[in-house]
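Chains as they are written, first to last, in my numbering: chain A, 12 to 150; chain B, 12 to 150; chain C, 12 to 150.
Keep in mind that the hints are not guaranteed to be accurate.
Note that the list lumps identical chains together, so a pair holds whenever it fits in one copy or between two copies.
The list that follows gives simulated cross-link-like pairs (lysine to any residue, SDA-like), each with its CA atoms no further than 20 Å apart [claimed, not checked]:
no.: 1; residue 1: K70; residue 2: E88
no.: 2; residue 1: K40; residue 2: N139
no.: 3; residue 1: K91; residue 2: P137
no.: 4; residue 1: K40; residue 2: P137
no.: 5; residue 1: K119; residue 2: P67
no.: 6; residue 1: K116; residue 2: I29
no.: 7; residue 1: K91; residue 2: R136
no.: 8; residue 1: K91; residue 2: K119
no.: 9; residue 1: K116; residue 2: P82
no.: 10; residue 1: K119; residue 2: N139
no.: 11; residue 1: K41; residue 2: I80
no.: 12; residue 1: K119; residue 2: R79
no.: 13; residue 1: K40; residue 2: D96
no.: 14; residue 1: K119; residue 2: E150
no.: 15; residue 1: K91; residue 2: T32
no.: 16; residue 1: K116; residue 2: P137
no.: 17; residue 1: K40; residue 2: D27
no.: 18; residue 1: K71; residue 2: V18
no.: 19; residue 1: K70; residue 2: H90
no.: 20; residue 1: K41; residue 2: V18
no.: 21; residue 1: K91; residue 2: N118
no.: 22; residue 1: K91; residue 2: E16
no.: 23; residue 1: K41; residue 2: E66
no.: 24; residue 1: K116; residue 2: M12
no.: 25; residue 1: K91; residue 2: R45
no.: 26; residue 1: K119; residue 2: D95
In case anyone wonders, no lab produced these hints; they're calculated from the structure.
The structure displayed is predicted, hence computed values, not measured ones.
Listed below are the residues making up each chain.
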Amino acid sequence: MIYQEEVNISTTGENDIINLTELVENIVKKSRIRIGMVNIFIPGSTGAITTMEYEPGLKKDLAEALARIAPREIPYEHHKRWGDDNGRSHVKASIIGPSLTVPIKNNKLYLGTWQQIVFLELDTRPRNRRLIITIFGEE
Amino acid sequence: MIYQEEVNISTTGENDIINLTELVENIVKKSRIRIGMVNIFIPGSTGAITTMEYEPGLKKDLAEALARIAPREIPYEHHKRWGDDNGRSHVKASIIGPSLTVPIKNNKLYLGTWQQIVFLELDTRPRNRRLIITIFGEE
Amino acid sequence: MIYQEEVNISTTGENDIINLTELVENIVKKSRIRIGMVNIFIPGSTGAITTMEYEPGLKKDLAEALARIAPREIPYEHHKRWGDDNGRSHVKASIIGPSLTVPIKNNKLYLGTWQQIVFLELDTRPRNRRLIITIFGEE
């Protein structure tokens, strides 16, 4: 059995992190799939999906670690092409990745106690984002 | 067809890397699924799943590269919140990710010759970990 | 329904990035799967799969960011073992990962407008690579 749903979210801009867990959990419930897995995907190249303990301190720590990989203040070849300012956003998004698959058991996400599914806004401005939730499994 | 199994492993602490390949291969065999894919997931926010050539030198090289992204000696906002010492563990885990999907062909993992499925213990202390193995496919 | 296909590509060596989007799109079409997901996997530990806006500037920016995580000029323990020169290749590949799952809707990849599926050659020499494309879903 397959169930697919699209959801829209809005972000406040660079380094905004949105907790998707409840939203995804509700779609899993609606799907009635008892055992299987759910994939969360961002169609876009300046956002990423992963998991984390969702607390304000770690949101800052993660942003700072990503800035060590792709600092704000250095030149990017990407900027020469389009006059863009978001070379660092693209680089971070490619490294973390746009896709996450989480197992389902008893019609629930099988996450750790403190583990949340998150969308990372890496672009340099607020964005409206569409996410694709695809669920596979047995009722 | 879906097959799901939970397995428990123990780690010796920070930067321990456990080779999961044989364990996952055995579950694939038991599932009798001939063609499809297997997802390996860690429910927890201070461990990660990926692949690597499993040899002692690379275990050190990978740990050192991750320490460049999230060094031990810098302050983390996360530590202020809970008195924790594992801000770097969380950051590394979110960047690598908790989930890996590997194709199955002829009832076997389709890996490269030197490629192994591994669990990375990124937390600062030894942990008992439960992993979720979910297999999809046709017999 | 499951559909699996293997494809061969050739790379020019370190930091070559191959746009796989059209190739994967054609396999999705052939599969006739209307709704579901496709997994792209590299069996090998010195290549990686992710998505990016495929333009020459970002190819350089991504290579430079990865070199900050695993620089060329430092010593790697891996080199002592086999006389290899590709410790950095392995480290980058483990961090980005060998596997990507993308949703399918209306028998098409559900990607962003500028988002392409790419293979990153991280090894230090040209390689012939086999990729495994596994598609799940309903016609």
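Do the hints match the structure? See the list:
1. K70 with E88: Between. Shortest inter-copy distance 9 Å satisfies the 20 Å Cα cut-off; intra-copy 28 Å does not.
2. K40 with N139: Neither: 25 Å inside a chain and 29 Å across chains, both beyond 20 Å.
3. K91 with P137: neither (22 Å within a copy, 29 Å between copies)
4. K40 with P137: neither (30 Å within a copy, 35 Å between copies)
5. K119 with P67: Intra 26 Å, inter 38 Å, cutoff 20 Å: neither.
6. K116 with I29: Classified as neither: same-chain Cα gap 24 Å, cross-chain 25 Å, threshold 20 Å.
7. K91 with R136: within (19 Å within a copy, 29 Å between copies)
8. K91 with K119: neither (46 Å within a copy, 32 Å between copies)
9. K116 with P82: neither (40 Å within a copy, 36 Å between copies)
10. K119 with N139: neither (27 Å within a copy, 22 Å between copies)
11. K41 with I80: Neither: 39 Å inside a chain and 39 Å across chains, both beyond 20 Å.
12. K119 with R79: Answer is neither; intra-copy 36 Å and inter-copy 36 Å both fail.
13. K40 with D96: Neither way: K40 and D96 sit 40 Å apart in one copy and 36 Å across, limit 20 Å.
14. K119 with E150: within (12 Å within a copy, 26 Å between copies)
15. K91 with T32: Neither: 38 Å inside a copy, 25 Å across copies.
16. K116 with P137: neither (35 Å within a copy, 27 Å between copies)
17. K40 with D27: Neither. Shortest intra-copy (27 Å) and inter-copy (36 Å) distances fail the 20 Å Cα cut-off.
18. K71 with V18: Neither, since 26 Å and 33 Å both go past 20 Å.
19. K70 with H90: between (26 Å within a copy, 12 Å between copies)
20. K41 with V18: within (14 Å within a copy, 28 Å between copies)
21. K91 with N118: The answer is neither: 48 Å in one copy and 36 Å across copies each exceed 20 Å.
22. K91 with E16: So K91 and E16 fail the 20 Å test inside a copy (37 Å) and across (38 Å) alike.
23. K41 with E66: neither (28 Å within a copy, 40 Å between copies)
24. K116 with M12: both (15 Å within a copy, 15 Å between copies)
25. K91 with R45: neither (50 Å within a copy, 39 Å between copies)
26. K119 with D95: neither (41 Å within a copy, 29 Å between copies)
Hint check: violations occur at hints 2, 3, 4, 5, 6, 8, 9, 10, 11, 12, 13, 15, 16, 17, 18, 21, 22, 23, 25, 26; the rest are consistent with the structure.
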